[in-house]
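Asker: Residue numbers (the working numbering), protein chains in the order written: chain G, 12 to 332; chain Y, 6 to 109.
Hints are computed from structural coordinates only; laboratory data are not their basis. From the three backbone atoms N, C-alpha and C, an ideal C-beta is built for every residue, glycine too. There could be a bad hint or two in this list.
[Stated by the list, open to error] Stretches of chain Y that chain G covers, calculated by requiring three or more beta carbons in the stretch to come under 8 Å of a beta carbon on chain G: (1) 16-25; (2) 33-39; (3) 48-59; (4) 72-81.
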Amino acid sequence: MKYKDYYATLGVEKSATPDDIKKAYRKLARKYHPDVSKEKDAEEKFKAMAEAYETLKDPDKRAAYDQLGSHAPNQDFRPPPDWERHFAQGQTSFDDVDLADLFAGLGGAGSAGGGFRRRADPNVPIPGRDYEAAVRLTLEQAFSGTEVQMDLSIPEYDENGVAHRVPRLVTVRIPKGVIDGQKLRVPGKGGAGMRGGRVGDLYLDIAVSPHRLFRADGRDLYVDLPLAPWEAVLGASIELPTPAGAVNLKVPAGTRAGQQLRLTGRGLARSDGTAGNLYAIVQIAVPTVLDDAQRALFRQLAETSTFNPRAHFAPEAAHET
Amino acid sequence: MKLDIAEALAMDERGVLTLSQLVEVSDLSEADLRALVDYGALTPVDPTASSWTFTASWIVVARTAGRLRRDFELDAHGLSVVLQYAQRVEALEAELRAMRARLG
Numbered sequence: 012m013k014y015k016d017y018y019a020t021l022g023v024e025k026s027a028t029p030d031d032i033k034k035a036y037r038k039l040a041r042k043y044h045p046d047v048s049k050e051k052d053a054e055e056k057f058k059a060m061a062e063a064y065e066t067l068k069d070p071d072k073r074a075a076y077d078q079l080g081s082h083a084p085n086q087d088f089r090p091p092p093d094w095e096r097h098f099a100q101g102q103t104s105f106d107d108v109d110l111a112d113l114f115a116g117l118g119g120a121g122s123a124g125g126g127f128r129r130r131a132d133p134n135v136p137i138p139g140r141d142y143e144a145a146v147r148l149t150l151e152q153a154f155s156g157t158e159v160q161m162d163l164s165i166p167e168y169d170e171n172g173v174a175h176r177v178p179r180l181v182t183v184r185i186p187k188g189v190i191d192g193q194k195l196r197v198p199g200k201g202g203a204g205m206r207g208g209r210v211g212d213l214y215l216d217i218a219v220s221p222h223r224l225f226r227a228d229g230r231d232l233y234v235d236l237p238l239a240p241w242e243a244v245l246g247a248s249i250e251l252p253t254p255a256g257a258v259n260l261k262v263p264a265g266t267r268a269g270q271q272l273r274l275t276g277r278g279l280a281r282s283d284g285t286a287g288n289l290y291a292i293v294q295i296a297v298p299t300v301l302d303d304a305q306r307a308l309f310r311q312l313a314e315t316s317t318f319n320p321r322a323h324f325a326p327e328a329a330h331e332t
Numbered sequence: 006m007k008l009d010i011a012e013a014l015a016m017d018e019r020g021v022l023t024l025s026q027l028v029e030v031s032d033l034s035e036a037d038l039r040a041l042v043d044y045g046a047l048t049p050v051d052p053t054a055s056s057w058t059f060t061a062s063w064i065v066v067a068r069t070a071g072r073l074r075r076d077f078e079l080d081a082h083g084l085s086v087v088l089q090y091a092q093r094v095e096a097l098e099a100e101l102r103a104m105r106a107r108l109g
């Protein structure tokens, strides 16, 4: 079993009062709770402090924890000889046991008979625990759906009611059309229940990596479409990349910068069988290097054109509208 | 080591759960969930039905509520207020994402 320094995690002394512990936890929870915080590694930090608080706030669990003595964090250690009987009815190994799982299996404070105790009723079914795992996908994987392989460490109860960490390799099929921030449920892939308790579920937090071309808003996708001035003026047929492969896009004559050209159903798939749209946002790209002949052509255009792109600056234009 | 293949399911309007199933997945009590419905933080498919059912899209809200209740020791009313703020933040973040996607 690996040691965890719960007092250090919460930043309190071993002699801290329950009130000190509660205050320290609340202060840290406000800062690192994943539903509130945007700090880097907030979720990992919060998990550690929630685990520490869960044990130290309960007098029985805290007494059990204190009996373990002090060790270096992550150091392998053996609990005192008679310590195990409080958790297990029979002989059990604690080698692959996580402290958090052990304390989670204990009842709360105020149990009859003093000291710490196992769950109140040994016949009550214990549901398997739900787990959350982060999954990072490329936009292409999110678009087409994919399979991800997850190496999980899930606690499963032995016949004595002690949770042991069991390695589990799970291949999960991710449906097409998932979006950044979406949560998916994988039923029955959490921890095993005990005494007929339901099997836990696995919840996946989907994160989609930024793409070099496409930006997502829900299931709509946006891509910048640079056009040469003559393509915007005269119209053009261009090859536009989409997550499903390049398509031919007809750019109408007189297309303006900022205009959105919609490709219906070329975005991410929805569960009802429809799909979001892909929007190509027009940018007018200007050549910065011109040879003499090209410069002459632009000069000729400038001299002959009556087009005034700033006509609306004139005060009379404002009155007309 | 065991090898499993599993389907990940979207939690959306297609799936439906009973109140007791929502209790299981959220770690909230039935009384808490009923109070959250009363405060408008959760909406059953048919609030007038004798047995409430919920679309699977409410799993995320209910699990968030369960987490907040446990981690901040909130009561149902406090939870409903925090959930309302969380939904406002989410809506604003979605608007920001949409603007960034359009503007590049």
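Asker: Going through the earlier hints one by one, which of them does the structure break, listed in rising order?
Answerer: 2 and 3
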